[in-house]
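Okay, here's what each chain looks like letter by letter:
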Amino acid sequence: METNIEIVKPPITNVGVIGWIRENLFSSPLNTVLTIIIASILWFSVIPFLQWALIDSYWLPDSNCKETNGACWSIITSNYKVILFGFYPQNILWRPITAIIMLVSLLIISRNRNWWNAYLGYSWLAGLIIMGVLLKGGILGLEAVDIEKWGGIILTLLLSVFGLTAAYPLGILLALGRQSEMPVIKTFCVFYIELIRGVPLISLLFMSSVVFPLFLPEGMSINAILRAQVAIIMFTAAYIAEVVRGGLQGMNKGQFEAADSLGLNYTQTMRLIILPQALKIVIPPSVSILISAFKDTSLVVIIGLYDLLKTTQSTLSDPKWMGFSAEAYIFIALIYFICCFFMSNYSRKLEKELDTGL
Amino acid sequence: MKLLKVLAVCITVLAMAALTMAGTLEDVKAKGFIQTGVNGSLFGFGKADNKGVWKGLDVECARAVSVAVFGDPDKLKFTPLTAKTRFTALQSGEIDMLFRNCTQTLSRDTALGLDFGVVNYYDGQGFLISKKLGVKSATELDGATVCVLPGTTTEQNVADYFRTNGMKMNPVVIENTAELAKAFFAGRCDCLTSDASQLAGTRAVAPNPGDYMILPEIISEEPLAPAVRHGDNKWKDIVNYSVLALINAEYLGITSKNVDQMLKSDNPKIKRFLGVTPGIGKALGLDEKFAYNIVKLIGNYGEVFERNVGVNTALGIERGLNALWTEGGLMYSPPFK
Amino acid sequence: MSKAINNNTENISFWYDPDKRSVMYQIGAACLFVFVAWYLVSNTMTNLEKQSIATGFGFLNTEAAFEIGESIIEYSAADRYMRALWVGFLNTLLVSFIGIILTVILGTFLGIARLSKNWLINKCAAVYIELFQDIPILLQLFFWYAFFYETLPSPRDAVNPFSGLFLCNRGLIFGIPQSHPVYKYMAIALIFAVIIIFFMKKWAKKRQDLTGKTFPVFYTSITLIIGLPFVCWLIGGAPTEMSIPVLKGFNFKGGMSISPEFAALLLGLVLYTAAFVAEVVRAGIQSVNRGQTEAAKAVGLKSGQVLNLIILPQALRVIIPPLTSQMLNLTKNSSLAVAIGYPDFVSVAGTAINQTGQAIEGVMLIMVVYLIFSLSTSVFMNWYNKKMAIVER
Numbered sequence: 001m002e003t004n005i006e007i008v009k010p011p012i013t014n015v016g017v018i019g020w021i022r023e024n025l026f027s028s029p030l031n032t033v034l035t036i037i038i039a040s041i042l043w044f045s046v047i048p049f050l051q052w053a054l055i056d057s058y059w060l061p062d063s064n065c066k067e068t069n070g071a072c073w074s075i076i077t078s079n080y081k082v083i084l085f086g087f088y089p090q091n092i093l094w095r096p097i098t099a100i101i102m103l104v105s106l107l108i109i110s111r112n113r114n115w116w117n118a119y120l121g122y123s124w125l126a127g128l129i130i131m132g133v134l135l136k137g138g139i140l141g142l143e144a145v146d147i148e149k150w151g152g153i154i155l156t157l158l159l160s161v162f163g164l165t166a167a168y169p170l171g172i173l174l175a176l177g178r179q180s181e182m183p184v185i186k187t188f189c190v191f192y193i194e195l196i197r198g199v200p201l202i203s204l205l206f207m208s209s210v211v212f213p214l215f216l217p218e219g220m221s222i223n224a225i226l227r228a229q230v231a232i233i234m235f236t237a238a239y240i241a242e243v244v245r246g247g248l249q250g251m252n253k254g255q256f257e258a259a260d261s262l263g264l265n266y267t268q269t270m271r272l273i274i275l276p277q278a279l280k281i282v283i284p285p286s287v288s289i290l291i292s293a294f295k296d297t298s299l300v301v302i303i304g305l306y307d308l309l310k311t312t313q314s315t316l317s318d319p320k321w322m323g324f325s326a327e328a329y330i331f332i333a334l335i336y337f338i339c340c341f342f343m344s345n346y347s348r349k350l351e352k353e354l355d356t357g358l
Numbered sequence: 001m002k003l004l005k006v007l008a009v010c011i012t013v014l015a016m017a018a019l020t021m022a023g024t025l026e027d028v029k030a031k032g033f034i035q036t037g038v039n040g041s042l043f044g045f046g047k048a049d050n051k052g053v054w055k056g057l058d059v060e061c062a063r064a065v066s067v068a069v070f071g072d073p074d075k076l077k078f079t080p081l082t083a084k085t086r087f088t089a090l091q092s093g094e095i096d097m098l099f100r101n102c103t104q105t106l107s108r109d110t111a112l113g114l115d116f117g118v119v120n121y122y123d124g125q126g127f128l129i130s131k132k133l134g135v136k137s138a139t140e141l142d143g144a145t146v147c148v149l150p151g152t153t154t155e156q157n158v159a160d161y162f163r164t165n166g167m168k169m170n171p172v173v174i175e176n177t178a179e180l181a182k183a184f185f186a187g188r189c190d191c192l193t194s195d196a197s198q199l200a201g202t203r204a205v206a207p208n209p210g211d212y213m214i215l216p217e218i219i220s221e222e223p224l225a226p227a228v229r230h231g232d233n234k235w236k237d238i239v240n241y242s243v244l245a246l247i248n249a250e251y252l253g254i255t256s257k258n259v260d261q262m263l264k265s266d267n268p269k270i271k272r273f274l275g276v277t278p279g280i281g282k283a284l285g286l287d288e289k290f291a292y293n294i295v296k297l298i299g300n301y302g303e304v305f306e307r308n309v310g311v312n313t314a315l316g317i318e319r320g321l322n323a324l325w326t327e328g329g330l331m332y333s334p335p336f337k
Numbered sequence: 001m002s003k004a005i006n007n008n009t010e011n012i013s014f015w016y017d018p019d020k021r022s023v024m025y026q027i028g029a030a031c032l033f034v035f036v037a038w039y040l041v042s043n044t045m046t047n048l049e050k051q052s053i054a055t056g057f058g059f060l061n062t063e064a065a066f067e068i069g070e071s072i073i074e075y076s077a078a079d080r081y082m083r084a085l086w087v088g089f090l091n092t093l094l095v096s097f098i099g100i101i102l103t104v105i106l107g108t109f110l111g112i113a114r115l116s117k118n119w120l121i122n123k124c125a126a127v128y129i130e131l132f133q134d135i136p137i138l139l140q141l142f143f144w145y146a147f148f149y150e151t152l153p154s155p156r157d158a159v160n161p162f163s164g165l166f167l168c169n170r171g172l173i174f175g176i177p178q179s180h181p182v183y184k185y186m187a188i189a190l191i192f193a194v195i196i197i198f199f200m201k202k203w204a205k206k207r208q209d210l211t212g213k214t215f216p217v218f219y220t221s222i223t224l225i226i227g228l229p230f231v232c233w234l235i236g237g238a239p240t241e242m243s244i245p246v247l248k249g250f251n252f253k254g255g256m257s258i259s260p261e262f263a264a265l266l267l268g269l270v271l272y273t274a275a276f277v278a279e280v281v282r283a284g285i286q287s288v289n290r291g292q293t294e295a296a297k298a299v300g301l302k303s304g305q306v307l308n309l310i311i312l313p314q315a316l317r318v319i320i321p322p323l324t325s326q327m328l329n330l331t332k333n334s335s336l337a338v339a340i341g342y343p344d345f346v347s348v349a350g351t352a353i354n355q356t357g358q359a360i361e362g363v364m365l366i367m368v369v370y371l372i373f374s375l376s377t378s379v380f381m382n383w384y385n386k387k388m389a390i391v392e393r
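Protein chains in written order, with the numbering used here: chain S, 1 to 358; chain Y, 1 to 337; chain F, 1 to 393.
Take these hints with a grain of salt, some might be off.
With a straight-line cut-off of 27 angstroms between C-alpha atoms, the simulated BS3-like cross-links for lysine-lysine are [unchecked claim]:
#1 S/K253 / F/K20
#2 Y/K136 / F/K253
#3 Y/K234 / F/K50
#4 S/K349 / F/K123
#5 Y/K55 / S/K149
#6 F/K20 / S/K186
#7 Y/K337 / S/K149
#8 S/K149 / Y/K31
#9 S/K320 / Y/K55
#10 Y/K75 / S/K149
#11 S/K320 / Y/K132
#12 F/K253 / Y/K131
#13 S/K352 / F/K123
#14 Y/K132 / S/K136
#15 Y/K132 / F/K386
#16 Y/K31 / S/K136
#17 F/K117 / S/K349
#18 F/K117 / S/K352
#19 F/K386 / S/K186
#20 S/K320 / Y/K131
#21 Y/K31 / F/K50
#22 F/K117 / S/K9
#23 Y/K75 / S/K136
#24 Y/K55 / Y/K282
#25 Y/K168 / S/K136
#26 Y/K168 / F/K248
#27 Y/K29 / F/K50
#28 Y/K77 / S/K81
#29 Y/K132 / F/K248
#30 S/K66 / Y/K31
#31 Y/K31 / Y/K168
#32 Y/K55 / S/K81
Everything labelled a hint here was simulated from the structure, so no lab data went into it.
Here the structure is a predicted model, which means the values were calculated and not measured.
Please put together the full structure from these sequences, using the hints given.
Right, dumping it as structure tokens:
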């Protein structure tokens, strides 16, 4: 009996590779035309690009790039130390490299939500201190390196990671202030948040570089990197405040009432009940802010700090490497892209996880 | 939250650590170095070579100050500054002195909260242009696209020059000297305008220096001088007389090579200058031998000039206005007594 | 018992009364704020006086004495700072305005492409969005600017694909109609057409509500917009003379030119912001339940009507708020023009700061200008949200 049943296979054109192609690329006349147009554009742009980037290109340090029509990657291989680390003394580059590896491994460990506990917090604290010591030196027999000499990716990471870490508590305070029932504090917080969010970061950086020095009492000065850091912290805090406020507003009113009925005071309510929940909700948007902060640090170029973008530009102004901007910019674009891509992927993943968890 | 509090404390501590105290000479002596603002990308005046060693005329003049204060030419830390940030850096106390080819003008001297010292280079503004364009004089530049640094006296001068000659110009303003030069070499502008010394420096780093020429017209007077914060006369005197020591040494015929023999000279001027007859050091609050040290470790103005920008360097600049007054230039030192 | 409780509330310590405590906190905060503000202001005053830096906005009335590369109004170095700043302000408006229009168009296309069933189109859009979102805008600007002046030829070897259009490292130069009074009237006719359309739409809707008859608003609008200016042009004598750019001396004379700085800024801003707008558009379209489309089709609406009457009104409600904030972002990002030499407001104000030394006034002007932009945006948003709030019956 069983053998009599004839298994009808779907037509060959509906399954497998052909089926997939039919379904996804040529499902209607319009789609067919579009597919062909896009494919030909890709063909005529990607192939010459690959030819330029990979085949005709020069890779070895100090090669004579003027001879080729292809890409001159030797601008990177000859200058990568300066581009990545700026004026940091080149004989002790192991220190920033170790620090960056530590940072990256901490970030990777923190990806896993199961490991989020007090110990991770302490290891972050310890890690940041060790990184600071490694970079700054001056103790334990390490040669001291001035903050002015921190350049390239070290500065970029310092400004963004440290900026976000420092901006977070400030942002939380501002968010609580904005939600508060005390009119004076509320007005102040609203005013601050809206003011900062209304102006471009560059105006704050200008302020840090040309106006801020005038605010200080005579004879006191803070170096340019710290001033830029303050500007970035102030800027980021306003955005964090809005994100945290979103989290606070998302809290169920019952939570506040339950806390009140237990007799907890304001600080206890916030610290023990509300913030732990609200902050969890706002982790994905916070990662987006980290991404923005990471990208926005490139603006310090305009006030003359030697971050990743500036070190690249200073390499490009060397007469030997003039005219190879495309290669250099593509290289650092790749660095930025990889970092941001992993972060945004992570934030999306986290969003999904938290979504199903609720 | 606790963690965050600790971090906040860390920031405060860091910020406090970065504070410095008032009184430039005492302050400088206390911290053991002089923070100096320099150009950072101007070949021949202030630029670090590929090993990170700072070189140039402005840098060496700054070293003279370091020798005067510490007896050591390397007690300096350099801050590269753009045209826009240079004066603020000085006002704010981020740097102690500014040796960044700054033109002394009345309004800067009065309105910007700084004081200019003695001129260490007499410059004038000119035009650098590609030979291919076949232009022989600046008066033929009507309608040209001009690369110029924003916020400089040159920006105003070139506007004035084109206006008075009834010509039109399209300015392209880019903040950074090196970026501006790059745009010029790529052909974004027809000509580059700046101080003649800078033009020579820019031409020297061109991919093909022979393709470019400096037009004969000099359209402005640009006395380049170091600057210090307004109101600190003691510090200003030290900066001034350190630079003047270079000039005076050349006038007296003292070089880094013959300075030790000159110690035995009978000339009372030289004796006073080199500290054999004491007096000048005490007056400034410095070591009696500061001028001797400067000449010994750095040289006289002529040596500094020839080493960094002179005819035998890539810049190939003649002494011209920067020769001693005895040789038809403007370099003149008041007597050291 | 109850008496005891009453007693308690009456005797509550001053420090434990929430109302009084709140007042104390606020007074404390206000004092702290006033103290910090006073401290900063007094420091600033001392510093300004000691360094003899001028104060006040008097400098706005003095001669600027610097040239500005591009301007849409008449400007020369002899004008006042006021006018120089106005030139910068208009330049910011110009680049933002054109940028916003192009961004919305490109972003919408990309957003729709991201939802396409065509795998290739979908993936291309996805790659584009990810790539352009993750690279700092400033880097993109530098890239395009360097790309323009390094790869394009000098004016003498300008690329000339067809008569009247030149491409070189001075920009894109093209012929425009020779100025003629009739163009002014054409512009007026266009504005007039828009006003007519506005009222016609209202009337058509009213009529439809009353009688159920529809009116071909779309086609009439197109006809009016093209027709009125065209008629105007015909009446004005149909001038066809063109101003063709010619290479004279160093640069092209005549025609209109787009400088590399402007082009790089516009391109960078549009490509960057469009990636964000695409996500906004995608989310907006996805937010409309599929059932809506099916229901509308079941009622017998045509697909154009489905889009116009059912999908768009609902999608726009979701799209407009984030879209507005993206437009604001674009305007704020246009301040990066200062890095590539386009004379926007920040760049001109920066030069003014440097020449006058009056940093506080300069930065204040920059902030005020951008605050005006964002305040007017949020006023618009509030109005829009009120108008669009779902009216529940």
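Results of checking the hints against the structure:
| no. | hint | verdict |
| --- | --- | --- |
| 1 | S/K253 / F/K20 | holds (25 angstroms) |
| 2 | Y/K136 / F/K253 | holds (22 angstroms) |
| 3 | Y/K234 / F/K50 | holds (16 angstroms) |
| 4 | S/K349 / F/K123 | holds (19 angstroms) |
| 5 | Y/K55 / S/K149 | holds (18 angstroms) |
| 6 | F/K20 / S/K186 | holds (17 angstroms) |
| 7 | Y/K337 / S/K149 | violated (42 angstroms) |
| 8 | S/K149 / Y/K31 | holds (18 angstroms) |
| 9 | S/K320 / Y/K55 | holds (19 angstroms) |
| 10 | Y/K75 / S/K149 | holds (16 angstroms) |
| 11 | S/K320 / Y/K132 | holds (22 angstroms) |
| 12 | F/K253 / Y/K131 | holds (22 angstroms) |
| 13 | S/K352 / F/K123 | holds (21 angstroms) |
| 14 | Y/K132 / S/K136 | violated (51 angstroms) |
| 15 | Y/K132 / F/K386 | violated (64 angstroms) |
| 16 | Y/K31 / S/K136 | holds (18 angstroms) |
| 17 | F/K117 / S/K349 | holds (24 angstroms) |
| 18 | F/K117 / S/K352 | holds (23 angstroms) |
| 19 | F/K386 / S/K186 | holds (24 angstroms) |
| 20 | S/K320 / Y/K131 | holds (21 angstroms) |
| 21 | Y/K31 / F/K50 | holds (24 angstroms) |
| 22 | F/K117 / S/K9 | holds (25 angstroms) |
| 23 | Y/K75 / S/K136 | holds (20 angstroms) |
| 24 | Y/K55 / Y/K282 | violated (30 angstroms) |
| 25 | Y/K168 / S/K136 | violated (53 angstroms) |
| 26 | Y/K168 / F/K248 | holds (13 angstroms) |
| 27 | Y/K29 / F/K50 | holds (23 angstroms) |
| 28 | Y/K77 / S/K81 | holds (22 angstroms) |
| 29 | Y/K132 / F/K248 | holds (16 angstroms) |
| 30 | S/K66 / Y/K31 | violated (48 angstroms) |
| 31 | Y/K31 / Y/K168 | violated (51 angstroms) |
| 32 | Y/K55 / S/K81 | holds (21 angstroms) |
Of the numbered hints listed earlier, those contradicted by the structure are 7, 14, 15, 24, 25, 30, 31.
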